[in-house]
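2 protein chains.
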Amino acid sequence: MTSSPRIKVELYYDVVSPYTWFSFEVLCRYRSHWNMNLVLQPFFLGGVMKASGNKPPMTVAPKGMYMQKDLQRNAEYFKIDIKLIEDPYNVLVQKGSLRAMRFLTAINLHCPEYLESVSRELWRRIWSKGEDIVADDSLIMAAKEAKMEENDIEKCLSKMDDSETKDALRMATEQAVDYGAFGAPTMVVHTKEGPEMFFGSDRFPLVAQMMNEVWKGPIPDQKSKL
Amino acid sequence: MTSSPRIKVELYYDVVSPYTWFSFEVLCRYRSHWNMNLVLQPFFLGGVMKASGNKPPMTVAPKGMYMQKDLQRNAEYFKIDIKLIEDPYNVLVQKGSLRAMRFLTAINLHCPEYLESVSRELWRRIWSKGEDIVADDSLIMAAKEAKMEENDIEKCLSKMDDSETKDALRMATEQAVDYGAFGAPTMVVHTKEGPEMFFGSDRFPLVAQMMNEVWKGPIPDQKSKL
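In order, the protein sequence lines correspond to chains A and B. Heads up: the first sequence runs through residues 1 to 226, numbered per full-length UniProt numbering. Heads up: the second sequence runs through residues 1 to 226, numbered per full-length UniProt numbering.
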């Protein structure tokens, strides 16, 4: 028996998006279940929305109302602790996520082994604990929670406004737009026939279908634990 | 053992929407699997979009591009034969579905036993065969495919522009908007605690979670057939 090569799956993500947190955790959980080479790729959702002419769902009032319930239902389904944000316009639009995503891009360039854990801590801050993700102190605290060394934290913090970092984030965002992205999560499955883009944390059954894998729900190893 | 009362689940639907066809078939398939009293409720998607300030996904260019792939992937997943429409603006926007939905509303009022089968035939016309769904001849052909008697067809056709029919369709649409609808499919699960609205053919795992039922994928009786 020969094993077929792993399929590269890119997750383009921005920690401002709670639905993307679901996809992030699901893909991390499926690493040992699917024949997949998962590539975590920070991008800037604000740039994607601008380039595609798309608008956040909350700009349509009934969609915004529905999203609050939908998020809570999905949080229960995916077993991820989500707390609704009280002042979403201020937190998600005015403050936004640019500094968080630049910090993650710097980590991806200089200490990539911490990318997953710091991303998770930033999501936990904004979407579980209702905490800031743009001030230096916030970034430092997230990195400490992720067990990064102080040297590495300082290094990445000092490099987050370098043109190398800014360019890397811009290029990742443009790459996603080239794949057809108009929001987040954007997943790209690199099949033999070429890249296939999927949008949304509700498309895992279709991703599985494309990859000839089995979608076992949001917690793939639940059964073996029973 | 006492059996708990069936949970009323309303599907608000318009045959102009292919995603709603997926939901329609799934709910019909799950009738014998879930403790559910399924109520099929024709409504007018154009009215919902207007009332909610929402716009069709294809008005954002990259979303429209993505939707073509997403529809085909979902068609494969749900095992429903979808053919993309070549001139969507003409068919979906200009021609629209008002006459089809009035015909279905008249059927719901006067011959409700044919509502499911004629709805299915109208979806098959527009989304499988690329055929018209607004001309009288088209409505007649769909009704004949659904084995309606000629008398009944004539009756429903003659009543589709009555104020009773128009009012019933308008009221169903307004009811859905009151439940928070901004698109289709809109499903309303009537729990003990009150109505819970779900949007989208990708929300069945969450509907199952709400109903304490098991989501067995798009074909619930597949395993028993193997």
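Check each hint, because a few of them may be wrong.
The list treats identical chains as interchangeable, and a pair is accepted whether it falls inside one copy or across any two copies.
Claimed, not checked - List time: in silico DSSO-like cross-link candidates among lysine-lysine, alpha-carbon distance up to 30 angstroms:
{"id": "1", "residue 1": "Lys192", "residue 2": "Lys159"}
{"id": "2", "residue 1": "Lys155", "residue 2": "Lys69"}
{"id": "3", "residue 1": "Lys147", "residue 2": "Lys8"}
{"id": "4", "residue 1": "Lys55", "residue 2": "Lys95"}
{"id": "5", "residue 1": "Lys69", "residue 2": "Lys50"}
{"id": "6", "residue 1": "Lys8", "residue 2": "Lys95"}
{"id": "7", "residue 1": "Lys192", "residue 2": "Lys147"}
{"id": "8", "residue 1": "Lys55", "residue 2": "Lys144"}
{"id": "9", "residue 1": "Lys216", "residue 2": "Lys166"}
{"id": "10", "residue 1": "Lys63", "residue 2": "Lys159"}
{"id": "11", "residue 1": "Lys192", "residue 2": "Lys155"}
{"id": "12", "residue 1": "Lys63", "residue 2": "Lys79"}
{"id": "13", "residue 1": "Lys144", "residue 2": "Lys155"}
{"id": "14", "residue 1": "Lys166", "residue 2": "Lys63"}
{"id": "15", "residue 1": "Lys144", "residue 2": "Lys50"}
{"id": "16", "residue 1": "Lys144", "residue 2": "Lys79"}
{"id": "17", "residue 1": "Lys50", "residue 2": "Lys216"}
{"id": "18", "residue 1": "Lys69", "residue 2": "Lys192"}
{"id": "19", "residue 1": "Lys63", "residue 2": "Lys192"}
{"id": "20", "residue 1": "Lys63", "residue 2": "Lys83"}
{"id": "21", "residue 1": "Lys192", "residue 2": "Lys79"}
{"id": "22", "residue 1": "Lys69", "residue 2": "Lys8"}
{"id": "23", "residue 1": "Lys83", "residue 2": "Lys55"}
{"id": "24", "residue 1": "Lys83", "residue 2": "Lys192"}
{"id": "25", "residue 1": "Lys69", "residue 2": "Lys144"}
To be clear, the hints were calculated from the coordinates, so they are not data collected in a lab. The model shown is predicted, which means the values in this text are computed figures rather than measured ones.
Quick rundown of the hints versus the structure:
1. Within a single copy, Lys192 and Lys159 get their C-alpha atoms no closer than 37 angstroms, and across copies no closer than 55 angstroms, so neither meets the 30 angstroms cut-off.
2. For the identical chains of this complex, Lys155 and Lys69 are neighbours neither inside a copy (40 angstroms) nor across copies (43 angstroms), given an alpha-carbon limit of 30 angstroms.
3. In the homo-oligomer, the alpha carbons of Lys147 and Lys8 lie at most 30 angstroms apart inside one protomer (27 angstroms), although the nearest pairing across protomers, at 50 angstroms, exceeds that limit.
4. Taking the closest pair of Cα atoms, Lys55 and Lys95 come within 30 angstroms of each other both inside a single copy (17 angstroms) and across two copies (27 angstroms).
5. Taking the shortest Cα distances, Lys69 and Lys50 sit within 30 angstroms of each other both inside one copy (26 angstroms) and across copies (22 angstroms).
6. For the homomeric pair Lys8 and Lys95, neither the shortest alpha-carbon distance inside one copy (33 angstroms) nor that between copies (43 angstroms) is at most 30 angstroms.
7. Proximity of Lys192 and Lys147 under a CA criterion of 30 angstroms is satisfied in neither setting, with 38 angstroms inside one chain copy and 46 angstroms between copies.
8. Taking the closest pair of Cα atoms, Lys55 and Lys144 never come within 30 angstroms of each other, the shortest separation being 34 angstroms inside a single copy and 44 angstroms across copies.
9. Taking identical chains as interchangeable, the C-alpha atoms of Lys216 and Lys166 are never at most 30 angstroms apart, the minima being 38 angstroms within one chain and 45 angstroms between chains.
10. Taking the closest pair of Cα atoms, Lys63 and Lys159 never come within 30 angstroms of each other, the shortest separation being 38 angstroms inside a single copy and 35 angstroms across copies.
11. For the homomeric pair Lys192 and Lys155, neither the shortest alpha-carbon distance inside one copy (38 angstroms) nor that between copies (56 angstroms) is at most 30 angstroms.
12. Taking the closest pair of Cα atoms, Lys63 and Lys79 come within 30 angstroms of each other both inside a single copy (23 angstroms) and across two copies (29 angstroms).
13. For the identical chains of this complex, Lys144 and Lys155 are intra-copy neighbours only, at 13 angstroms inside a copy versus 73 angstroms across copies, given an alpha-carbon limit of 30 angstroms.
14. In this homomeric assembly, Lys166 and Lys63 come within 30 angstroms of each other (Cα to Cα) only across copies, at 27 angstroms, whereas the closest approach inside a single copy is 33 angstroms.
15. When the C-alpha separation of Lys144 and Lys50 is checked against a cutoff of 30 angstroms, the pair qualifies neither within a copy, at 33 angstroms, nor between copies, at 49 angstroms.
16. Proximity of Lys144 to Lys79 under the C-alpha cut-off of 30 angstroms is restricted to the intra-copy arrangement: shortest distance 24 angstroms within a copy versus 48 angstroms between copies.
17. For the homomeric pair Lys50 and Lys216, neither the shortest alpha-carbon distance inside one copy (35 angstroms) nor that between copies (39 angstroms) is at most 30 angstroms.
18. For a Cα distance limit of 30 angstroms, the shortest separation of Lys69 from Lys192 across copies, 17 angstroms, qualifies, whereas the shortest one inside one copy, 39 angstroms, does not.
19. Only between protomers do Lys63 and Lys192 lie at most 30 angstroms apart by alpha-carbon distance; the minimum there is 24 angstroms, versus 37 angstroms within a single protomer.
20. In this assembly of identical chains, Lys63 and Lys83 lie within 30 angstroms of each other by CA distance both inside one copy and across copies; the values are 18 angstroms within and 28 angstroms between.
21. Taking CA atoms no more than 30 angstroms apart as the test, Lys192 paired with Lys79 passes between copies only; the shortest distance there is 24 angstroms, against 33 angstroms inside one copy.
22. In this homomeric assembly, Lys69 and Lys8 come within 30 angstroms of each other (Cα to Cα) only across copies, at 20 angstroms, whereas the closest approach inside a single copy is 33 angstroms.
23. In the homo-oligomer, the alpha carbons of Lys83 and Lys55 lie at most 30 angstroms apart both inside one protomer (22 angstroms) and across protomers (28 angstroms), since each shortest distance falls under that limit.
24. Taking the closest pair of Cα atoms, Lys83 and Lys192 come within 30 angstroms of each other only across two copies (25 angstroms); inside a single copy the shortest separation is 40 angstroms, beyond that limit.
25. When the C-alpha separation of Lys69 and Lys144 is checked against a cutoff of 30 angstroms, the pair qualifies neither within a copy, at 32 angstroms, nor between copies, at 42 angstroms.
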